[in-house]
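> Each chain, letter by letter, is given below.
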Amino acid sequence: MKLRAAAAAVALTLLVGAAAASRGAAARANDGTVRITIHYSKFEPADLAVEPGETVRFVLVNTDPIDHEFILGDERVQLVHENGTEAHHAPRPGEVSVPAGETVVTTYTFPKISDSLIFGCHLPGHYDFGMRGVVSIG
Amino acid sequence: MRNPFARALTLTILTAIMLTGAAGSALACGGLVTPNGTINLLKTTTLAAYHEGIEHYVTSFEFAGEGSEVGSIIPLPGVPTDVIKGGDWTLQRLIIETQPQPEARAFQAVGDALASAGAEVLLEKKIDALDITVLKGGAVEVGNWAREHGYFLPPDAPEMLAFYADRSPIFLAARFNAERAANRGVQTGQGTPIHVVIPTPNPWVPLRILALGRKAAEVVQADVYLLTDRRPETLPQAERSKGFDPNQRGLIQEVSEPASTTLLADLRSDRGMKWLPENGMWLTYIRINETAANLKHDLAIDASGYGRPNPVAAGYPTASGAAPWPIVWTVMSALVAVAFLMVLTDPAVRRQAARVFRR
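First to last, the protein sequences are chains A and B.
For the first sequence, the numbering used here gives the first residue as 1, with consecutive numbering after it.
For the second sequence, the numbering used here gives the first residue as 139, with consecutive numbering after it.
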């Protein structure tokens with residue numbers, strides 16, 4: 001029986017490890033902080049889930065040697081920024097520039113309804129390159 | 139001296155980059171990123187000639203006009219011993235030798251370079267209106283240098299720089315000085331050839347960089363000429379030509395033949411080309427006509443006659459840099475391990491095994 005228990009433990013460990021690896025590095029801390037790494041012009045992770053009305057503190061770590069930005073909002077917001085001309089703008093909740101090699105923080109309170117929002121970078125060519133992610137609310 | 143890595147590198151990247159400020163644009167080996175992020179498709183012509191352990195990389199930068207904010211970057215396989223002004227007709231003469239005339243195509247030239255805080259400047263040189271900088275550094279250092287010197291890198295640049303820096307930390311940056319260009323009367327579209335002298339065990343031509351800043355479906359076009367002592371082998375292997383078919387995609391070998399003495403004589407008479415033997419060279423012309431999505435590798439060349447181009451030089455993954463173990467295999471391995479352990483611990487199975495071994 002001991003051998004069987006050991007085998008089950010090994011299997012469980014491997015499966016849990018595999019599941020964790022498939023989801024990438026854990027991004028979320030218990031204090032409502034979400035850490036997003038920007039690497040090779042991609043957000044990691046690019047899929048998040050939050051509760052309606054939740055306030056999240058985003059810690060954005062840019063490992064690239066080029067500037068990026070983090071714009072959180074619905075499709076209309078994304079469109080406005082995609083067609084905008086501001087290379088940099090003053091930070092607003094959920095909208096912040098992330099200079100090359102730097103870490104910035106922005107805090108955002110999500111609406112109290114089930115929905116989904118998009119976060120993306122709208123520097124020239126970045127959004128089309130695939131620099132975007134989704135936040136599911138609820 | 140068949141260092142596998144060094145063999146693989148003789149490269150030249152061109153990264154389309156935007157330059158800020160008053161610098162004029164320099165187009166090299168590839169695309170040009172405009173301030174609105176679109177790409178002007180351009181054709182590049184490059185000569186990678188190799189003789190007595192030295193690669194002579196000749197390409198041309200085209201002035202795109204004052205105020206244009208464009209540039210590019212060239213990764214190199216090793217530290218160049220010199221960067222000089224290229225000959226006036228070498229590239230054109232190769233085109234005439236190998237391509238159907240009379241539509242003499244304008245050739246374009248190679249890129250601009252980047253560097254950054256942490257990147258070491260190995261060489262600085264002015265060639266006509268071009269400012270050339272040879273840098274040593276990793277992808278981040280070179281990217282930072284570029285950004286701090288007014289280059290704008292497209293979103294795929296970080297990964298592209300890493301792709302090259304992982305194999306060789308040497309990059310060449312070039313951009314036009316607008317004031318000198320104006321003083322010299324350099325016109326938009328006018329090319330300035332450069333000639334980079336690089337000791338290396340085997341020549342190499344960076345191709346993937348040509349896709350920098352381009353959308354996946356965009357077609358990259360370039361002409362690559364090789365002049366080698368022996369018939370070279372390349373990786374990826376070039377496809378057989380269908381007779382200059384403009385719809386043929388891929389790396390297409392249009393010419394592979396002994397270089398004619400008249401061609402060599404003409405090339406030798408150009409600036410900086412006296413090193414070229416009078417005969418006995420092999421001419422290869424590879425036409426690049428491939429979508430950016432499929433242009434994933436560089437051109438590794440074995441000019442030694444052994445026919446073994448280096449996969450590392452071509453950018454194929456090494457054993458240590460292999461793709462991560464797929465998650466599905468991890469799960470499958472775990473399940474197999476569980477099943478195996480459970481079977482081993484089953485009393486009935488153990489009794490059966492014992493009977494088998496007693497026999």
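None of these hints come from the bench; they were simulated from the model.
The beta carbon of each residue, even a glycine, is placed where N, CA and C say it ideally should be.
Just so you know, not all the hints are guaranteed correct.
Examples of chain A residues lying across from chain B (beta carbon under 8 Å, computed) [claimed, not checked]:
#1 33
#2 41
#3 64
#4 100
#5 104
#6 110
#7 113
#8 125
#9 129
> Run every hint past the structure and note whether it holds.
Consistency of the hints with the structure:
no.: 1; hint: 33; in the structure: violated (25 Å)
no.: 2; hint: 41; in the structure: holds (4 Å)
no.: 3; hint: 64; in the structure: holds (4 Å)
no.: 4; hint: 100; in the structure: holds (6 Å)
no.: 5; hint: 104; in the structure: violated (17 Å)
no.: 6; hint: 110; in the structure: violated (27 Å)
no.: 7; hint: 113; in the structure: violated (33 Å)
no.: 8; hint: 125; in the structure: holds (4 Å)
no.: 9; hint: 129; in the structure: holds (4 Å)
In summary, the numbered hints that this structure violates are 1, 5, 6 and 7.
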